[in-house]
Amino acid sequence: MPVKVVAFVAKSNTGKTTLLEQVIRELKNRGYKVGAIKHDAHRFDIDHPGKDSHRLTVAGADTMLITSPEKLALIKKHEATPPLEELVATYFSDVDIVLTEGFKMSSLPKIEVHRQERSPTLLCRGEHHDPMLVAVASDEALNLDVPILDLNDIYGVADFVEATFLK
205 MPVKVVAFVA KSNTGKTTLL EQVIRELKNR GYKVGAIKHD AHRFDIDHPG
255 KDSHRLTVAG ADTMLITSPE KLALIKKHEA TPPLEELVAT YFSDVDIVLT
305 EGFKMSSLPK IEVHRQERSP TLLCRGEHHD PMLVAVASDE ALNLDVPILD
355 LNDIYGVADF VEATFLK
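Plus 204 on top of the position in the sequence shown (first one is 1) and you've got my numbering.
Some clues are possibly wrong.
[What the hints assert, rightly or not] Okay, derived cross-link-like pairs now, DSS-like style, lysine-lysine, Cα gap no bigger than 27 Å in a straight line: (1) K208 x K308; (2) K308 x K242; (3) K215 x K242; (4) K371 x K237; (5) K242 x K208; (6) K308 x K215; (7) K255 x K275; (8) K208 x K371; (9) K237 x K308; (10) K255 x K308.
Simulated from the structure, these hints should not be mistaken for lab results.
Put together the whole structure using the sequences plus the hints.
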């Protein structure tokens, strides 16, 4: 993929979204164009009954796009989740980096988010050794074969992402 993609992975309720929000803001402050993809293993719906866009989808539209002067949203029905490479190539060619939340089983480079109170074990260095783990953002000191980033130092996490993937 020509656009750099990094997956932030963790067990649920560890703070992935909070960390990503802060890292995205900091990368934007540094002048980068940032994309984000959230993986949802469950079904979700962003279209709501009663709205025109929902009515068009319910009527049978396979692809429905709503646009305004500021943004657009696309609803596209599919049989299975499209490959991440396809999503990035189709929708993110205009950004410098895509940060994903989830995709823990992918072959993407990963930063694992670890919070001591949430779990004593890691996903990528526990039962499973993921060779794509590039760092761990943690609130405790760990002895690992990858850099340990301070989970509470947003600038440090952004520095790592910038130095590793954007420079």
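Verification of the supplied hints:
Straight-line distance between C-alpha atoms of K208 and K308 comes to about 17 Å, which keeps the hinted pair within the 27 Å bound. Distance restraint check for K308 and K242: the Cα-Cα separation of roughly 12 Å lies within the 27 Å cut-off, and the hinted pair is therefore satisfied. Distance restraint check for K215 and K242: the Cα-Cα separation of roughly 14 Å lies within the 27 Å cut-off, and the hinted pair is therefore satisfied. Restraint check for K371 and K237: the C-alpha separation of about 14 Å stays at or below 27 Å, so the hint holds.
For the proposed pair K242 and K208, the alpha carbon gap of about 16 Å is at most 27 Å, so the pair holds. Of the pairs offered as hints, the one joining K308 and K215 holds, with about 10 Å between alpha carbons and a cut-off of 27 Å not exceeded. Of the supplied pair hints, the one linking K255 and K275 holds, its CA atoms being roughly 17 Å apart against a limit of 27 Å. In summary, the hint linking K208 to K371 is supported, as the alpha carbons are separated by about 11 Å, within the 27 Å threshold.
Restraint check for K237 and K308: satisfied, since their Cα atoms lie roughly 24 Å apart, inside the 27 Å limit. For the hint linking K255 to K308, the alpha-carbon distance of about 34 Å lies beyond 27 Å, and the restraint is violated.
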